Amino acid sequence: MNVASISLRNLRVRALSSVLTAASVALGTALVASIWLLLAQVEDRYRQSLAGYDAVVGPKQGSALQIVLSTVLNLDAAPGVVPMSVYRELRDGPLSQKYGVRYAIPQGRGDTYGGFPVIGTTDEMFARFSRGKDEQGEPIRLEFARGKAWRFGHDDLVAFADEYVAHRNDPDAEHEHTHGADEHEHAHSLPAPWCKAVVGAEVARNLGLDVGGVFIPVHGQDAPGAHLHDEAQTDVVGVLAATGTPIDRSIFVPLSLFLSLDEHDPVLDATGSGPGGKLTTDQIQLSAIVLDARHPLAANWLRRDFQTRSDAQVAWPHIEVAKLMALVGNVADVLRVVAWLVIVVAAAGVLVALYNTMNERRREIAIMRALGARRGQILGIIVLEAALVTGLGAALGVVLCHAAAATLGGALAARINVPIGAGAFATDELWLILAVTGLGALAGLLPAIKGSTTEVADHLGPMS
Amino acid sequence: MIEIRGLRKEYRRGAETVLACSVRDLVVTDGEQIALMGRSGCGKTTLLNLIAGIQRPTGGSVRVCGVDLATLGQGALDRFRAEHVGIVFQTFNLLQPFTALENVLLGAVFSGRADARHRVRAQELLERVGLGDRTGHRPRELSIGQQPRVAMCRALIHEPDLILADEPLGNQDRETGSRVLQLLLEIARDEHRTVVMVTHDPESAKMMQRCVDLQSLREAA
Numbered sequence: 001m002n003v004a005s006i007s008l009r010n011l012r013v014r015a016l017s018s019v020l021t022a023a024s025v026a027l028g029t030a031l032v033a034s035i036w037l038l039l040a041q042v043e044d045r046y047r048q049s050l051a052g053y054d055a056v057v058g059p060k061q062g063s064a065l066q067i068v069l070s071t072v073l074n075l076d077a078a079p080g081v082v083p084m085s086v087y088r089e090l091r092d093g094p095l096s097q098k099y100g101v102r103y104a105i106p107q108g109r110g111d112t113y114g115g116f117p118v119i120g121t122t123d124e125m126f127a128r129f130s131r132g133k134d135e136q137g138e139p140i141r142l143e144f145a146r147g148k149a150w151r152f153g154h155d156d157l158v159a160f161a162d163e164y165v166a167h168r169n170d171p172d173a174e175h176e177h178t179h180g181a182d183e184h185e186h187a188h189s190l191p192a193p194w195c196k197a198v199v200g201a202e203v204a205r206n207l208g209l210d211v212g213g214v215f216i217p218v219h220g221q222d223a224p225g226a227h228l229h230d231e232a233q234t235d236v237v238g239v240l241a242a243t244g245t246p247i248d249r250s251i252f253v254p255l256s257l258f259l260s261l262d263e264h265d266p267v268l269d270a271t272g273s274g275p276g277g278k279l280t281t282d283q284i285q286l287s288a289i290v291l292d293a294r295h296p297l298a299a300n301w302l303r304r305d306f307q308t309r310s311d312a313q314v315a316w317p318h319i320e321v322a323k324l325m326a327l328v329g330n331v332a333d334v335l336r337v338v339a340w341l342v343i344v345v346a347a348a349g350v351l352v353a354l355y356n357t358m359n360e361r362r363r364e365i366a367i368m369r370a371l372g373a374r375r376g377q378i379l380g381i382i383v384l385e386a387a388l389v390t391g392l393g394a395a396l397g398v399v400l401c402h403a404a405a406a407t408l409g410g411a412l413a414a415r416i417n418v419p420i421g422a423g424a425f426a427t428d429e430l431w432l433i434l435a436v437t438g439l440g441a442l443a444g445l446l447p448a449i450k451g452s453t454t455e456v457a458d459h460l461g462p463m464s
Numbered sequence: 465m466i467e468i469r470g471l472r473k474e475y476r477r478g479a480e481t482v483l484a485c486s487v488r489d490l491v492v493t494d495g496e497q498i499a500l501m502g503r504s505g506c507g508k509t510t511l512l513n514l515i516a517g518i519q520r521p522t523g524g525s526v527r528v529c530g531v532d533l534a535t536l537g538q539g540a541l542d543r544f545r546a547e548h549v550g551i552v553f554q555t556f557n558l559l560q561p562f563t564a565l566e567n568v569l570l571g572a573v574f575s576g577r578a579d580a581r582h583r584v585r586a587q588e589l590l591e592r593v594g595l596g597d598r599t600g601h602r603p604r605e606l607s608i609g610q611q612p613r614v615a616m617c618r619a620l621i622h623e624p625d626l627i628l629a630d631e632p633l634g635n636q637d638r639e640t641g642s643r644v645l646q647l648l649l650e651i652a653r654d655e656h657r658t659v660v661m662v663t664h665d666p667e668s669a670k671m672m673q674r675c676v677d678l679q680s681l682r683e684a685a
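So the sequence lines, in the order shown, correspond to chains A and B.
Residue numbering for the first sequence follows the working numbering, beginning at 1 and increasing consecutively.
Residue numbering for the second sequence follows the working numbering, beginning at 465 and increasing consecutively.
Hints may be right or wrong, so weigh each one.
[What the hints assert, rightly or not] Quick list of the computed label-pair ranges, beta carbon to beta carbon:
hint : chain 1 : residue 1 : chain 2 : residue 2 : range
1    : B       : C675      : A       : G438      : 52 to 58 Å
2    : A       : T453      : B       : R476      : 17 to 23 Å
3    : A       : T453      : B       : S525      : 24 to 30 Å
4    : A       : L446      : B       : Q679      : 41 to 47 Å
5    : A       : N356      : B       : E655      : 39 to 45 Å
[Said to hold, decoys possible] Some but not every residue of chain A turned toward chain B, in silico, with C-beta under 10 Å:
hint : residue
6    : N2
7    : V13
8    : R363
9    : R374
10   : V456
11   : L460
Treat the hints as calculated values from the structure; they're not laboratory data.
All values reported here derive from a predicted model rather than from experimental measurement.
For every residue, glycine included, the Cβ atom is placed at its ideal position computed from N, Cα and C.
Here chain B stands alone, though its shape is the one from the complex (with noise of 0.2 Å):
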């Protein structure tokens, strides 16, 4: 699913080159689940990032479902990002104008493919999450243990092959927290999806089938 070779992103501030994120080799299998770890400032977030497309690597190869993301242009990689990749924020980063139901839409939306089917599946997951009574509900409105759930069916909503998930556990409780990733876990193995996960928990990690401690996978600078 995820394969990373000699990757390397790199930051200009002032005179000064700042390495953000290393990693020599990394490779992720089709509907495994792992959790990325390591401490801040690591380049954790970076690493997410290029392997979804947001950021472009100073050097190195980032392929993903077979695609080699260097040989996408910008909207190829939108596009490839908005079919293939579903993503869950540190913040959940819902949008305020929206309702859940919207909001989980949203996902399939910029795929060009948002539909009826699209409404039902959200309704499901939304229902699958214990959220089916909040789907007009805005995120102001939900608690702060009902919106990482939201954006979690966002991040399923349009059946991707991978999904990102930056710490999605944000400031909830650990009760709440585990809930919550034990759902994400359950549909993405149902649903044979493959999960990277970025945490600072151990007992989320736990969680994964694999742990991957960041700074061992740093490529000597």
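So that you can see chain A by itself, here it is in the shape it has in the complex (with noise of 0.2 Å):
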């Protein structure tokens, strides 16, 4: 038997106020270590969803971060178009060579299905895109669940391109892309070789989509009365193994797909721009460019180069991300402030509970001074009831708060797009634990200090 043991005593003896203190320690703890867990979780999946890429070229309306919530994140439509002249110098132009690109690979975006996005592109993708890197550094490429990517590469882009403008030119070609009242009366069917889809993870497991499924895509998003494109009944041939970033969320059709559907024109300006007034092929409209080059610093170089460019601009996923996250981090900071104040409230709960208690305590303090208790051992006493029931309810919160992670996570992602697991005890945990552990423990010093001062002669009982 000893002090401690005494303490723990006192604890079960008020064990409802034991508990309700706790318990409201462990509310204010589990909010902090919930924010913590969230924030961490959202940093590290807009971290992980860079694909591997440097930079997003994205059209000059909108700001930097819209083309990466659009691009990278999927969390926004995009802001406008790019023209296809501006692939070209990133994919084999001057630009190219002088910044020693990696890869260019053009997307279309504006399509939707279940709620996800359809995006047209070219399969280089596939082969490009990595899910973080292993221990040697190397990039985790891309990997197939089941099925195959469909075959749209660089030059059947350029092929489409050609011919389309070719058809766009001829006088006595009837055109199909033209804007008007009656041109769903016109629905056509696509080429098969076009209608083929990959999915991502998420959405195969959301929507059922397997290889072998079809899927009729929805022209912007899909609310009540948007436009379906019957005129692609799209077949999937492949399921993507997760990744942990947006692509699990993603659809990925041709780009010729895309450029051709319903309702999307593919030509910037109906103007032709080339000889003659002709259509050239670089007026073909992309949504957006995701590159990556050899020089580490070749995006901020590239994006400066931008700058004074009219048709496109550079955004940089890695600044874009972190002022996200700056955004987000102010709010945290807030919410952060807030949950510290329960705490606060919660120990001050423990120092209003304490402290009633030391009138009736009195006569119990009195005897164990008279047994020979020392001052600091009552204090000691009464400010370990505290630390130990602050503690309790501390370490209470941390697994509450992984708890409900664990079994509310699922329904918080759909709502945030963050999937939010019960991840792992961190080493900041046990720090919250402790420092909520020392807030009770100094909550229990004003009550202790009282009644480490009780008069002993006083309420040891009748005088003879």
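Dock the two chains into a complex; use the hints.
Printed below as a string of structure tokens:
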């Protein structure tokens, strides 16, 4: 038996009060721990989203953050279009040489299916994109869980563009892509090799889409009255293995399919910019171009170069995600302050609960003092009670946070588009428990001082 | 063991000064068992408190085990009490959250020396006073005759040189009270402990080696 066991016994005697106090501390601690856990997972998720590339070239309209939100994180609509001339400069033109571009992959965005974006692109992405790095620092390439990629590469895109422009420039040809009230009446079937899709792991799981499945993309957001692209009955030919990035929540189709869909005009400006007022392939419009360069700073140099151009801008995902996290961080700071306030209030509850018991405990304290307990020992017993109850509450709070993340993470993930898991217990959480325990001990100090200065002779019992 | 000279304890009650206890001279030798008697309010409990170092005198000196208590700071005084003094309170003052065994062990906890040996001694003491089968009982589960025996064991657990007992028989009937007191005195004799007991009961006082009337020790005001 020792001083600590006296504290423990006192807590047991006042079990209800101890449990309620610990519960209020647990609530505050769970709040702080949940904010930490949530932010860490959001930050991890956003940093992992970069799929190995350095930069995104997007439209001049909108901000660099919008381009990253749209292209990297699938969180926003594309703010505008980029001409194919920019893609060519980056793919095999002078900019490619100047900046040592490793790859430049075009994207067309604007359609969805089941709430997931349908992205038109080239098959180069399946070989080039990665999901983090392995232990040797090498990028981990995308893998197929089932099926395989469709075929539509850069050369196919060039051929498509040439053919399309030639068709548009032919005065005798019927132009299907004319905007007008009766456009929907001209529904047509698109070539079968284009109507192929590769879906991300989460799309497959959520929508039950698997190899052999068929779907019809929706123009714009999937909402009542939205236009269905009936002309594009699209077959799923591959399902990507989970990456933990927004790729899991994307549907990839050949860019030719995307550009050929109804209400998608692949040409930036109907006025021809070529000789004799003819359209050129440079006028074909894209939503973004994802690129990676050999030199780590090339993206930044490219960004500076594009500042003076009017046709496109370069967004640096690392910077934009950092800015985004700073924005999120400001909100998180407010949440943290609120959560710590809850803990401080809980600690004040410990103080009040203990302080109120001091009067009824005066006799008990006087007896212990008469038995030889020093003031410091009484102080220690009471402070330890406060520390034990808050420490227990804090530990419970951290466990509660992880349990809540494990059970409610799925529902939350659907709302914020970031998968939330129970996560591993972090060292920071140990510090959190210690900090809350320290705060509780501090809160116990005032009642402890009151208790330890109890006048012994006055509270021992009747005088003879 | 105890040497008291010109001891006074006064209280302030508003403008008035109240003399709570006054002892001209009192010497108690090692192993002696004395009864302190006197009318209610004459300062018997105050005297025990002064001997135990629970209260500080207004004047005079108290030496216990050769130590002038006035020379000890508060912490040292508490430690001195924890090591050298065992107290049996008038109302037993057992702590409700603890079992009989734990209440006994509390007497050794604050000296910082409570160990397995004390647990064995606590068990032995409780068996000796007939409570070997009540060690796990809480005070409210013990009879009025059993509670003072636990209090006695608590006063003896840390092998103090001096046992102070303030009407240790409480409201017990004479027969039970005599038996309990007999036990305390027996153990004290066996272990050569000094006992100072406050009592109103002449029969109990007769069981002690010496009986002192506190009023006869009062200093002239």
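### Query
With 10 Å as the cut and Cβ atoms as the points, is V456 of chain A at the interface with chain B?
holds (5 Å)
#### Entry: Restraint check, 10 Å cut-off on beta carbons, for N2 of chain A near chain B
holds (6 Å)
### Query
If you check the beta carbons of N356 of chain A and E655 of chain B, does the distance land in 39 to 45 Å?
holds (43 Å)
### Message
Is the interface hint satisfied for R374 of chain A? The criterion is a beta-carbon contact with chain B at less than 10 Å.
### Response
Hint holds; R374 of chain A Cβ to chain B Cβ min 4 Å, cut 10 Å.
#### Entry: Status of the given 24 to 30 Å range, CB of S525 of chain B versus CB of T453 of chain A
Holds, since T453 of chain A and S525 of chain B (Cβ atoms, about 26 Å apart) stay within the stated range.
#### Entry: Interface hint for V13 of chain A, Cβ within 10 Å of any Cβ on chain B
Holds, about 4 Å.
### Query
Using the C-beta atoms of T453 of chain A and R476 of chain B, is the stated range 17 to 23 Å upheld?
holds (19 Å)
### Task
For L446 of chain A and Q679 of chain B, compare the CB-CB distance with the range 41 to 47 Å and indicate the outcome.
holds (45 Å)
### Beta-carbon spacing of C675 of chain B to G438 of chain A - inside the hinted bounds 52 to 58 Å or not
At 56 Å between Cβs, range holds.
### Task
Please verify that hint: R363 of chain A, Cβ, nearest Cβ of chain B, below 10 Å or not.
Since the shortest Cβ distance to chain B is 8 Å, the answer is holds.
#### Entry: Restraint outcome when L460 of chain A is required to lie within 10 Å of chain B by C-beta distance
holds (6 Å)
Going down the numbered hints, you'll see the structure goes against none, and every one checks out.
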